[in-house]
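Given only the sequences and the hints, what does the whole structure look like? Please build it.
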Amino acid sequence: MCGIAGLMHRGNVANVGKEMTSMLQALKHRGPDSTGFAVYGPPHPGEYVMRLKLDERSDDMDVHVDFQNEKIVEQRLQEVERRMQEKGVDVRDRQEATPYAQRFIIRYDGDMENLARYIEDVDKVEILSLGNSLELIKDLGDATTVSNQYDLGEFDGSHGIGHTRMATESDVDIRSAHPYWAFPYNDVSVVHNGQITNYWIMRRKMERAGHRFMSHCDSELLAVYTAHNLSEGASLEDSLRESIQEIDGVFTYLVATKDQLGMAKDTMAAKPLVLYESDDLIAMASEEVAIRAILPQEIDTYDPYDEEVRVWQA
Amino acid sequence: MENGKVPSKHKTERDVYRLGDSFIFPPRVIDDIHIKAELGRYRMRGFSLFKKIPHWDDLTFLPGTLTRFVIEGYREKCDTKTVIGPRAKRPLELDIPIYITGMSFGALSYEAKTALARGATMAGTATCSGEGGMIPDERRYSSKWFYQCIQSRYGFNPHHLVLADGCEFFIGQGCKVGLGGHLMGQKVTDQVAEMRSLPAGIDQRSPARHPDWLGPDDLALKINEIREVTDWQIPIQLKLGAARVYDDVRMAVKCNPDSIYIDGMEGSTGAGPHLATEDTGVPGMAAIRQARRAIDDLGRRGEISLVYAGGIRNGADVAKAIALGADAIAIGHSAMMALNCNKDIPEADFPEEMGVEAGHCYHCHTGRCPVGVATQDPKLRARLDPDAAAERVYNFLHSLTIEAQLFARACGKTNIHSLEPEDLAALTMEASAIAGVPLAGTDYTVGVEDYHHL
Amino acid sequence: MAGVSDTELREMTQEDRVKALGMTTEELTGRSMFIEFKPEEEERFTYPWLPDVDFNKRAEIDTDKMMTTEVNERIRELMKEGYGTIVLKNPRGKHSVGVGILSRLNLIVEGSLGYFGVGLIDGPMVRIQGRVGWSCGENMMSGVILVEKNAGSTFGAAMRGGDLVCRGSVGSRTGIDMKGGSIIVGGDTGALSGFMMQRGRMIFCGNAGKNLGDSMYDGTIYVGGDIQSLGVDAVPTELTDLDRSWLTRKLTQYEMLPEKGVDHFTKIVAGKQLWNYDNLEPSEKKLIL
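Each protein sequence line maps, in turn, to chains G, L and C.
All residue numbers for the first sequence refer to this note's numbering, where the first residue is 1 and numbers rise by one.
All residue numbers for the second sequence refer to this note's numbering, where the first residue is 1 and numbers rise by one.
All residue numbers for the third sequence refer to this note's numbering, where the first residue is 1 and numbers rise by one.
None of these hints come from the bench; they were simulated from the model.
Among the hints, erroneous ones may be present.
[Stated by the list, open to error] So the derived label-pair ranges between C-beta atoms look like this:
#1 G:D280 x C:V232: 40 to 46 Å
#2 L:D387 x C:K89: 53 to 59 Å
#3 L:A208 x G:A234: 31 to 37 Å
#4 L:I24 x G:E207: 53 to 59 Å
[As the list claims (entries may be wrong)] Only some residues are given here: those of chain L computed to face chain C with a beta carbon under 8 Å:
#5 S152
#6 P158
#7 H159
#8 D218
#9 E225
[Stated by the list, open to error] Below, a list of computed lysine-lysine pairs in the BS3-like style, where the Cα atoms sit at most 25 Å apart:
#10 C:K286 x C:K272
#11 C:K89 x G:K28
#12 C:K80 x L:K89
#13 L:K36 x L:K11
#14 C:K250 x C:K260
#15 C:K65 x G:K28
#16 C:K80 x L:K36
#17 L:K36 x C:K285
#18 G:K28 x G:K71
#19 G:K18 x C:K285
#20 G:K258 x G:K18
#21 C:K260 x L:K36
Cβ atoms here follow ideal geometry from the backbone N, Cα and C, with glycine treated the same way.
Right under this line is the structure:
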């Protein structure tokens, strides 16, 4: 189970990276296993940010050190770069937070989904996010650790969502960490607290519709599900509402797009969310303590009720 | 051959038109359908499991002969001291690795509860309040006492909480995993009802979820709340029914309790739907091994204790459970049997009062227990002499311990907690697969490559 | 038999010998007799701390940089010193603050609390000037908790006595498993409020979510606004004069009496059909499907 948080500055840009880090650090006790951020910066005109991971890390991995691994990861990177070149992708920049986590800035006019699938075809490679303004970062450890590792402290943007994870039925690894990118939708990401009890039924349905799953984490389903609905032409709000009827279990989840932030709470209202809303700032988190981490002054907050769906525009 | 007639042959008594016995619909299943068609609901009952599952009997010990130095079987020191929640400021230290699990006042009579408390105290071990709150005399007679924080919070009182030596969160029970407790109206007397703030005489079906926390993330906070109230002194234990054990225990470990209690599907109940007790959960052998692996995988061995309960009948079961990875064993139903459950005592007339012979009674839920254990009826309660009962409980706990020690010593251990899975062999393929120990006479463990490192 | 010589063993009493040999560690004397309290065990049966305090002695704690444990320890220290009015500043949504206070105290919280705020209490008067998270006043036995702003879900879960008041709105599952006392809410409440309620009374001046009073055993719920839906076995009934006078008194006490009075309140009680499910008529059995 988990802690989730979301933040949106309406009509301006602020240090979202630092704010999200303090919010999630305050929620550390809800999930010590891994932390993830999906933050939205100013859009890169004509360019895409692609974050991908070349290897897996899990909590039992430090038991045996694999000396071969470094070389293999290097080879995978070369293969990814070769495939980009083959497709005619113009790579403007590449940064490396860790050997297994790469960030590319690319220009590409072709079919993005096709490109994404071709790159993911490389063994163990997973595209974490792709979009004009989305930066999706996730790794093992608490918020400060991950934030420092990926230099998030200086990130300016308009909105973001984040997650601290306590693994339920899936493993402790990056693959199962949140947020999830709604493959192949640019700039859509999802974080979730709860558990889905018709996961396998829904997953098989989505798989038959041609969607790909990278993990056994039930939250990935929500990302795929959102992507599926959006591809059918539904609005974000419609998709959120429909999920409450179609998905069984207990859940509260947040979805972010390039310019929207949405939340949905299931019929049982068993997963917490505290909401703060003002003209220029929306902040929400599993616990008040996270909101207080960025807003020390006296504010009014409330709990959304069951089956509540909200969408905010940046 | 007179008149060409064949003399009449002795005819077989077999009814040749009978097709045989159905495995799917044997008479007891047919009766069950008839009864439910009358009742219009599930059938309630007490007692443990009725169907056959891989069980402790399917394991055997491999004692030392020449390869091992055995410890003198009946005399030499074999330590039985057991600590639950070593990290707490005031850990629960038991003289023996067995304690008496939570059974509510309500399901059990006052005499039974106090006799269990006194028997356990004599044996130097603990008891648990069970659902329905504390009866002061139980606390008085228990030198070590768990207070149960159960979903319904019947009778839960912070004044009693600060008197406890340990606090147990009841999250599930092995005999009906995922369901709440039951207490039928016959047992909800004025006194029981008052303790639970309920109307007397109602059928009480307790909630299956805690009211104030709804997920493990909240549970971590709830545990800290109880720690704050009890000044971080006493161990906090989580009692889980055995189902998705590996994941559940990993989750439980992350909530950071001092002890985790796993209740196998063999566990009993005072009242529950018959099918729920038959068809939920996994056997203890599987549960202990998985729970132990979960705790070890997260590096918390020695910090978080593992308690097992369910289907423990004798010292061999105790020793086998410890060998598979349990730190302590809790008993419920066998302790009730020590009190007199299903015993043909002179005062009781089982066929007349219960409709079954002693030894076949599972009617705890009716509150008409002929031996005065699982009842609130003053006439029936008088059949249990608490003094003698307490002594029997003590004797039983002591016997369990020396029996368990016997196996430990035979395997060359000077401490009962040194028993390990390598001291066991499985007698069936099923037991080998679920307990993760090799089949007797082979080094083959079904489905496992390296049983030393599951 | 490590450490014990033969001679020593011979000189021991039967009981000590058995123990030294590791066969048993129990007391062999008085086996079937009453076990009396031993004086040296006395501390086990007394409360760790139950000070008497003076309401006129006032202290402030700035909790900004403190851990929850430090805050609770400080409260206990101050109470031991006789402080009867304690003000907590900057609680910033901390969890489990002020829990387990079992004697009288005047506690003022200048800010918001997180989960399990002032749970498991018996006696104190608490005023929370901000908001509280989930399970505020959980299992409280007596006393008063007054929350000025909104409250989270499971407000007053398994509560057994006292008054739990929220001027704003509360989350879902308010008064779940409630066993006594009163919950008074100025605003709305979410779904499943009063689920499996056993005793006590709840007042919601605003609206109530779906499944109100689901499976309630007993107790009374008063709702001033709309009810989205009633739960299984919860039934509306007539407001009596006694109800009206009690509502007026309670709401006046906390300055929450609506201008239009209390006549518009709906009263919900248990239908008592689930009390003995086994005795239901066939047509009634579908109640719990």
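To see whether the hints hold, each was checked on the structure:
1. Our hint of 40 to 46 Å for D280 (chain G) and V232 (chain C) holds, since their Cβ atoms are close to 45 Å apart.
2. Checked against the given bound of 53 to 59 Å, the beta carbons of D387 (chain L) and K89 (chain C), roughly 58 Å apart, stay inside it.
3. At roughly 36 Å, the beta carbons of A208 (chain L) and A234 (chain G) sit within the given window of 31 to 37 Å.
4. With their beta carbons about 36 Å apart, I24 (chain L) and E207 (chain G) fall outside the hinted range of 53 to 59 Å.
5. Using the Cβ-Cβ criterion of 8 Å, the hint placing S152 (chain L) at the interface with chain C is satisfied: the shortest such distance is roughly 6 Å.
6. Among the interface hints, the one on P158 (chain L) holds; its C-beta lies about 4 Å from the nearest C-beta in chain C, closer than the 8 Å criterion.
7. Nearest Cβ of chain C to the Cβ of H159 (chain L): about 6 Å, under the 8 Å cut. The hint holds.
8. Proximity of D218 (chain L) to chain C holds as hinted, the smallest CB-CB distance being about 7 Å (cut-off 8 Å).
9. Evaluation of the E225 (chain L) hint against chain C yields a held restraint, the C-beta minimum of about 4 Å falling below 8 Å.
10. With a C-alpha separation of about 15 Å, the suggested pairing of K286 (chain C) with K272 (chain C) holds against the 25 Å cut-off.
11. Note on K89 (chain C) and K28 (chain G): the hinted pairing holds, with a Cα-Cα distance of about 23 Å set against a maximum of 25 Å.
12. Annotation: proposed proximity of K80 (chain C) to K89 (chain L) holds, straight-line Cα distance about 21 Å (limit 25 Å).
13. At roughly 41 Å between alpha-carbon atoms, K36 (chain L) and K11 (chain L) are farther apart than 25 Å, so this suggested pair is violated.
14. Restraint check for K250 (chain C) and K260 (chain C): satisfied, since their Cα atoms lie roughly 15 Å apart, inside the 25 Å limit.
15. About 17 Å separates the Cα atoms of K65 (chain C) and K28 (chain G), which keeps this hinted pair within 25 Å; it holds.
16. Between K80 (chain C) and K36 (chain L) the CA atoms are separated by roughly 61 Å; this puts the pair beyond 25 Å, and the hint is violated.
17. The hinted pair formed by K36 (chain L) and K285 (chain C) meets the criterion: a straight-line CA distance of about 14 Å does not exceed 25 Å.
18. A threshold of 25 Å between alpha carbons decides the hint, and for K28 (chain G) with K71 (chain G) the separation of about 34 Å lies outside it, so the pair is violated.
19. Only pairs whose Cα atoms come within 25 Å are accepted, and K18 (chain G) paired with K285 (chain C) is rejected, the gap being roughly 57 Å.
20. Taking the CA atoms of K258 (chain G) and K18 (chain G), the gap is near 19 Å; set against the 25 Å cutoff, the hint holds.
21. With a C-alpha separation of about 54 Å, the suggested pair K260 (chain C) and K36 (chain L) falls outside the 25 Å cut-off, and the hint is violated.
Checked against the numbered hints above, the structure violates hints 4, 13, 16, 18, 19 and 21; every other hint is satisfied.
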